[in-house]
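**Q** Listed below, chain by chain, are the residues.
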Amino acid sequence: MRHRRIPLTHIGRRAQPGAMPGQVISPKGAEKPTITVFAYGPTTVAETQITSLDELPELTGDQQVLWIDVSSVGDADLILALGERFGLHRLSLEDVVNLHQRPKAEDFDKYAFIIARMLNTQSPDGSEQVAFFLGKGFLVSIQSAPGDCFENVRARIRSGRGRVRTCSSDYLCYALLDTIIDSYFPKLEELGETLQQLEDDVVTAPRADHVAQLHAIKRDLLMFRRTIWPHREMISALVRDDHDLIRKDTQVFLRDCYDHSVQLMDILETYREIASGLIDIYISSISVKLNETMKVLTVIATVFMPLSFIASLYGMNFDRQVSPWNMPELGWKYGYLYALLLMAVSAGALVWYFWRNGWLDKD
Amino acid sequence: MRHRRIPLTHIGRRAQPGAMPGQVISPKGAEKPTITVFAYGPTTVAETQITSLDELPELTGDQQVLWIDVSSVGDADLILALGERFGLHRLSLEDVVNLHQRPKAEDFDKYAFIIARMLNTQSPDGSEQVAFFLGKGFLVSIQSAPGDCFENVRARIRSGRGRVRTCSSDYLCYALLDTIIDSYFPKLEELGETLQQLEDDVVTAPRADHVAQLHAIKRDLLMFRRTIWPHREMISALVRDDHDLIRKDTQVFLRDCYDHSVQLMDILETYREIASGLIDIYISSISVKLNETMKVLTVIATVFMPLSFIASLYGMNFDRQVSPWNMPELGWKYGYLYALLLMAVSAGALVWYFWRNGWLDKD
Amino acid sequence: MRHRRIPLTHIGRRAQPGAMPGQVISPKGAEKPTITVFAYGPTTVAETQITSLDELPELTGDQQVLWIDVSSVGDADLILALGERFGLHRLSLEDVVNLHQRPKAEDFDKYAFIIARMLNTQSPDGSEQVAFFLGKGFLVSIQSAPGDCFENVRARIRSGRGRVRTCSSDYLCYALLDTIIDSYFPKLEELGETLQQLEDDVVTAPRADHVAQLHAIKRDLLMFRRTIWPHREMISALVRDDHDLIRKDTQVFLRDCYDHSVQLMDILETYREIASGLIDIYISSISVKLNETMKVLTVIATVFMPLSFIASLYGMNFDRQVSPWNMPELGWKYGYLYALLLMAVSAGALVWYFWRNGWLDKD
Amino acid sequence: MRHRRIPLTHIGRRAQPGAMPGQVISPKGAEKPTITVFAYGPTTVAETQITSLDELPELTGDQQVLWIDVSSVGDADLILALGERFGLHRLSLEDVVNLHQRPKAEDFDKYAFIIARMLNTQSPDGSEQVAFFLGKGFLVSIQSAPGDCFENVRARIRSGRGRVRTCSSDYLCYALLDTIIDSYFPKLEELGETLQQLEDDVVTAPRADHVAQLHAIKRDLLMFRRTIWPHREMISALVRDDHDLIRKDTQVFLRDCYDHSVQLMDILETYREIASGLIDIYISSISVKLNETMKVLTVIATVFMPLSFIASLYGMNFDRQVSPWNMPELGWKYGYLYALLLMAVSAGALVWYFWRNGWLDKD
Amino acid sequence: MRHRRIPLTHIGRRAQPGAMPGQVISPKGAEKPTITVFAYGPTTVAETQITSLDELPELTGDQQVLWIDVSSVGDADLILALGERFGLHRLSLEDVVNLHQRPKAEDFDKYAFIIARMLNTQSPDGSEQVAFFLGKGFLVSIQSAPGDCFENVRARIRSGRGRVRTCSSDYLCYALLDTIIDSYFPKLEELGETLQQLEDDVVTAPRADHVAQLHAIKRDLLMFRRTIWPHREMISALVRDDHDLIRKDTQVFLRDCYDHSVQLMDILETYREIASGLIDIYISSISVKLNETMKVLTVIATVFMPLSFIASLYGMNFDRQVSPWNMPELGWKYGYLYALLLMAVSAGALVWYFWRNGWLDKD
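Chains as they are written, first to last, in the numbering used here: chain A, 2 to 364; chain B, 2 to 364; chain C, 2 to 364; chain D, 2 to 364; chain E, 2 to 364.
Simulated from the structure, these hints should not be mistaken for laboratory data. A few of these clues could be false.
When chains are identical, the list treats them as one kind, so a pair holds in a single copy or across two.
Claimed, not checked - Here are the computed lysine to any residue pairs in the SDA-like style, where the Cα-Cα straight-line distance is at most 25 Å:
#1 Lys33 with Leu54
#2 Lys137 with Leu79
#3 Lys249 with Asn99
#4 Lys137 with Thr61
#5 Lys334 with Ala348
#6 Lys137 with Asp250
#7 Lys188 with Val25
#8 Lys33 with Leu120
#9 Lys111 with Arg248
#10 Lys249 with Leu81
#11 Lys137 with Arg241
#12 Lys188 with Ser27
#13 Lys249 with Gly136
#14 Lys105 with Glu270
#15 Lys290 with Ala206
Bound-form chain A, shown alone (with noise of 0.2 Å):
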């Protein structure tokens, strides 16, 4: 298989049954976090990082937004001070922790809740959660591993170059979850050129470890479909949403990169169709070739049968002295040619019928 398998079993991994609704604590093996605050406006951009929540800069009134970015979710406090900061719902930021969560946008009074799912090559799962609280001026996203795609938002936010430092918060988490969305697109592209691969191989030459190797696609575009799907309603969402969190120039970013989720589920669907196309080709195949592999048996088995045949006939030992009707042939003088003839015309009255069936083409 070409990649690390996710594990079926992280699918939908939750608290335990019947625990406390709102409980905040850290999934084992998490690191500890870093935080890195991105304070910017249309002239100014201030970039610390920072280690409690204490330090958090005061807005300049040149700027407007403040992205709290925490690079993972091992610290249990600082995301309740967090949810204190920012008056955060506490089922909200039990999400936070608990890492197998479905995409999802939820509006909250103040502020929108985004589960999102990034691709990470550095995640053991090959991909991470990432929480978005986006409020009036302020942004903050909690990844659940070290490692993002954000850079090139990061170097737009720095350099000034787009409107990202012209624009409120809701364009920097347009920003952010477009990129998370376009992340997919090369990894569709990587599974797109093996299953062209197969295909061509399937269809000219299939071989047994092929079926396995279109179930692994099969079951590596089933993840990624239970993935995208749910960022395809999240983003409709906010589209849809009709609160003042998101403005109209904004939404129509959003609509932009709800195209290219419709996009994803779009190909994925092609992917899929294809790849059960292409396992219901390997059968037919190996049915092919069971026939094939019969017909070789039977046209060897049928020819030489009736020769075998013959053969044993003259081999047997009635006793010629007694009587002239046993096994006369033996004492002709063309006795043996009669018998090598006998065969040849066997085997040939054989073979002509197998090649007037059509046996002997290549089917």
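Model the placement of chains B, C, D and E on the given structure of chain A, informed by the hints.
**A** Just chains B, C, D and E, lined up with the frame of chain A:
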């Protein structure tokens, strides 16, 4: 099979057709219930076991919620008495004793009637039905069999941890439903582990019993889907509905619970598709194996048939005395060696032919 | 097959195309109806058998509901007279005598027209059509064949048990529909038992006739779905509709009846998926069996072919007198033993090879 | 195959891409139309055959409806003249001459434009397109080929039976649509009979040509569905639409017609599922047969191989003179009987083995 | 395969993830565009080729519509200039140069942005993307590759035939979209012909390469569906939307165009189901063939095995001198004839058995 199989015929058993609607008859073999009553408020909590409704404690000023938990449905009179006491519809009461209801939420004027299905290892089917009557200040829960997964919630009420004591009966109802939903996760995870094991086995070394195991898993997933799907609808109805029994605060929590039910459905669907894919792989692997078997037979038969033919040929008894044309090879000096050579050449040619056509490869 | 099969061609028979709409012609072979009239109120009940509508009893002050139950459709004039008496639309009357209508509920100004299909073991198809005309204070039910499952309801009217006597005609209509829906449960349970038996058999010991049995079950389920699905829609329409014929009280009961129809659909779908899964298992088990068969053949053939070859080899007649090179083994002292040993070694080697490759295991 | 197959490439033929929309060109080979005009009211009816629109009769005071029935589309000028006379949109006129339109109903301001497809055994495809223009007081119907199933309706107009004479043009339109829909029932019933016959045959005695017959039936059902599904939508649109062209009275009738189209779809789906199920059964029966075949081969081969081996064994020519160890059996007094016994025992043992394993049963 | 296969990996290529949204970079290898401008009104038309936007002609009083047709996307500056000139959103401009967009219609305040995909045999993928910006009095169309199917529309503008000159830019947009949609019909008809040919072949004489051909057709249909489905949505959005850019008159035409897209989907689905059905038939025909092959083998082997056995039997060398019990048949006068008769009887019995069981029939 790994666990008790739910009999197909239990899945929809009902009272006799034409029976009077609203009849409350205890199912055969149902145990006598114990009644546990919690009366609690932010500061006080009273827990009592009563044997008749006459002993129902009055709420003191500080206590806001009365939770009456009936452990089984063996006492029809008790259920009727509860119905009278809290003004419950006869049809709801009938549903309480019909133990294979579809989970649902129904809105009556003064109360909401909720049917859920809880995993319960003590129950013969592995699960039991729980009926909730949620009204202003009270919650009646009637389980169909002893044993439940509510212990955590009871502990929270007793200790005052979390928000259950400070909230109304709707929060209690949410807490119990959430526990029920969450208890499906470990069960599914178990199935997921079995499936993952099977996946590895079927792809690398398919065995005849795998298909029965896959069928058992698909059947279990089917049964779970039948149970979980209406839970999802039920909670969705509670979230959407605009009745004053469920406060806005609690709806946030129910939305979380709804997310979990969606996640369960998601996992179920993923598992089902993987299980179906594995059956395809299994079937194709059987064909591959069959082809392998036939190739072995064909190669062996095809190699030995000419050999046996040659041996039979020179076992013929044509009379060499009569004519020099009769089997002169038998009199050659190196006749035997010539025959052996003929055999070796014919076998070699066939083996070479099979080797060139890839028949001797592990396919 | 376990029961009478519904012929495919009955499922949609209609009057001749181009026929005038609204024509009421008794179907061929329909029996003459008996007319049973119940006139009842909370305190009194009168049950009469009449032969013409002229004998229809007048409602006394205390009697609120008139139920006219026509046992079959053999008398077109009676149906037309009923139509005139109660102001029924000609198209509805036409539907009454067309016996393969889809269950439906239609709302006319003064009455609701309902078509249902009732299981009836006395009917040749195993089921019969029942048409209801529900109006203020009256219910006309016209069955397509004698025999019904309404006896329980009649008993309740006679005895005054339950609420039927105290309610209006809509409750009576509900009670009859509920009886019809509920009568499908035992039938499905029967199917479920057959299916469960088949499930055990197919998984452990598949037989060729299983596939025909599974087809018969799938076919029956298909037919039931065709019947039950529109019942579900029909009851849903009655529940949702806002006409004053069906009072709020009765809607609660109809909602219960709707739940039952949903449950029926649920069971049907579950059964269908299990039946489909079993067909897959059956097919895969055939392949497994075929492979077993071929392995037996291959092992036997492969072991005996070299043996036979060796035996044939030393059955050749090369002339040992001519040259010491001609079959010297025949003259060896232990030649025979050597040949037997050669055979034993070759057979042993092959058996060992097959054993090592797992061919001798029960797969 | 039982009837003319509809060519796949006819199913969506259109004018050349980029052609000017609204062009009305008679299709190649279309016949010159005859025009039949009915002008009728409750008391009078006039039926005339005209050759040009100039001859169109004026409605007399008593006559309310003008039905202009054009028998084929061979005269583009006539269609254009009709368009001008009744104010019809050019696009509708273009659709009239494009003979593979999807059935549909379009609402224009002054008229409704309806496309239907009518079974017609005189048409090469087995069906023809009918276009209706329904306006206040008139109905224009343009058929694509001579021959129709409207004779019953014409007879009703002439005789004044039924309500067609007393109603407006919308009722006439309903009556024609109803006739078209109903004409599919006998056709489907025919298919149903074929399918039922095939069902019996495939289950009891599958033959290789069954699969082609099932394919032909599935293909026909597919084609019918393609035709009937949009009819259903079309009638549904007419029922739902709120335009004053279709009066409430007529909507009741159209609702009935809608029910019939739903029933057609129902039957189609049932047939399709049964046909698909039969293909599965056929495939599984082939596997069963193959297994049977292989069992026969295996039993025979396995029984005779040891026999032949023993016979070959004692056909070896080891020199009994040289040593007493060389084939002493040949010199035994009962050597031959011993050999025969050996054969009988080995064959008996194998037959017993196969019998015990159920190989000799009809599976 | 009959035509260029669209590579799977092209179906969703996008800019690099994290790239700044709204960047307009010409795709690699894109040709420099030529710009054709039509300025027309009911009476006048001017057609010019310009090289920069500065040369854009002003509309004279009589000219109402400006159509700027850009032949390829090789000049990013031109696209940006167009954006500035007509007030187009940066995201739309980005979509113009990303060549694998999903067809869509987006509503901006002052213009509608439409993406379509046009068949183009000059393009490497066989199709190209066309972006339309439809505003009051102007239409900008930007094609991704030279060559198009708009020549008919241009001719109509030049000649003044049809209504294009008298209508606004929305009608022009419709005319181009209609041309694009209609150009899929001949392509599908081609596929339909191939499919029909394959259908005949697969049913009468299945060959191993049919399955690859069917896969290729299914793949093509999948790709077409991916393209046509969003076109359908796009046109539906244009029809439904209530913006003043598209006038009611034009909506009638767009509705017609919508019908065509529905018809395309219909044909695609029909073809796909037929292709899937043919794969089933192919697979079942392989099984049938295999059974045929095995029957030939079985019949031949079963007939010759007893014959060979009898021959071997009388080839045994038991010493007739030693005892009269040793193979007395060899000394019979008619021993040989007896053996031949034995063989004939055994062969005859087997042939009769096979004949009676129908093994000798062409199945």
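**Q** Hint by hint, note whether the structure agrees.
**A** Hints versus structure:
With identical chains, the CA atoms of Lys33 and Leu54 are at most 25 Å apart within one copy only, with a shortest distance of 14 Å there and 55 Å across copies. In this assembly of identical chains, Lys137 and Leu79 lie within 25 Å of each other by CA distance solely inside one copy; the values are 21 Å within and 38 Å between copies. When the C-alpha separation of Lys249 and Asn99 is checked against a cutoff of 25 Å, the pair qualifies only between copies, where the shortest distance is 24 Å, while the shortest distance within a copy is 32 Å. In this assembly of identical chains, Lys137 and Thr61 lie within 25 Å of each other by CA distance solely inside one copy; the values are 15 Å within and 45 Å between copies.
Taking CA atoms no more than 25 Å apart as the test, Lys334 paired with Ala348 passes inside one copy only; the shortest distance there is 23 Å, against 30 Å between copies. Taking the closest pair of Cα atoms, Lys137 and Asp250 come within 25 Å of each other both inside a single copy (15 Å) and across two copies (22 Å). Taking the shortest alpha-carbon separations for Lys188 and Val25, only the inter-copy value of 23 Å comes in at or below 25 Å, while the best intra-copy value is 33 Å. Taking CA atoms no more than 25 Å apart as the test, Lys33 paired with Leu120 passes inside one copy only; the shortest distance there is 20 Å, against 37 Å between copies.
Within a single copy, Lys111 and Arg248 get their C-alpha atoms as close as 15 Å, and across copies as close as 19 Å, so both meet the 25 Å cut-off. When the C-alpha separation of Lys249 and Leu81 is checked against a cutoff of 25 Å, the pair qualifies only between copies, where the shortest distance is 23 Å, while the shortest distance within a copy is 32 Å. With identical chains, the CA atoms of Lys137 and Arg241 are at most 25 Å apart within one copy only, with a shortest distance of 19 Å there and 27 Å across copies. Proximity of Lys188 to Ser27 under the C-alpha cut-off of 25 Å is restricted to the inter-copy arrangement: shortest distance 23 Å between copies versus 30 Å within a copy.
In this assembly of identical chains, Lys249 and Gly136 lie within 25 Å of each other by CA distance both inside one copy and across copies; the values are 16 Å within and 21 Å between. Both within a single protomer and between protomers do Lys105 and Glu270 lie at most 25 Å apart by alpha-carbon distance, with minima of 21 Å and 18 Å respectively. Taking the closest pair of Cα atoms, Lys290 and Ala206 come within 25 Å of each other both inside a single copy (11 Å) and across two copies (17 Å).
Consistency with the previously given hints is maintained throughout, with no hint failing.
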